[in-house]
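According to the numbering used here, the residues represented by the sequence shown are 124 to 196, in order.
Hints may contain errors.
Derived DEER-like restraints, expressed as beta-carbon distance ranges [unchecked claim]:
no.: 1; residue 1: Q154; residue 2: E179; range: 15 to 25 angstroms
no.: 2; residue 1: R162; residue 2: V136; range: 34 to 44 angstroms
no.: 3; residue 1: L163; residue 2: Q141; range: 32 to 42 angstroms
Don't read these hints as lab results, they were simulated from the structure.
All C-beta atoms, glycine included, are put in the ideal place defined by N, C-alpha and C.
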Amino acid sequence: EVLWQGYHYYEQVGEHEQARELAQELVNIEQIVEEQRERLNPNRSWNLSGLELPPEVGERIADTRAWLRGTGE
Numbered sequence: 124e125v126l127w128q129g130y131h132y133y134e135q136v137g138e139h140e141q142a143r144e145l146a147q148e149l150v151n152i153e154q155i156v157e158e159q160r161e162r163l164n165p166n167r168s169w170n171l172s173g174l175e176l177p178p179e180v181g182e183r184i185a186d187t188r189a190w191l192r193g194t195g196e
């Protein structure tokens with residue numbers, strides 16, 4: 124949420140470099156979660172459903188990725 128709000132704020136005030144940095148960090152969350160998912164023991168009872176991003180976060184990452192493509196990142 125903080126990265127999402129921060130990147131939008133900086134984009135609105137014209138701080139495009141700072142916005143791109145925060146947007147890139149937001150997109151990297153997907154990879155971080157995937158790496159953590161691979162390290163989890165699937166036999167643990169608390170891990171029955173696995174580690175997943177909420178749908179809202181996935182949508183925000185997709186929107187952010189599209190924005191980055193539009194800026195040439």
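Taking the hints in turn, this is what the structure says about them:
1. Q154 <-> E179: 15 to 25 angstroms: 18 angstroms Cβ-Cβ, so the 15 to 25 angstroms window holds.
2. R162 <-> V136: 34 to 44 angstroms: Given range 34 to 44 angstroms: holds, Cβ gap about 38 angstroms.
3. L163 <-> Q141: 32 to 42 angstroms: Since the Cβ atoms of L163 and Q141 sit about 33 angstroms apart, the hinted range of 32 to 42 angstroms holds.
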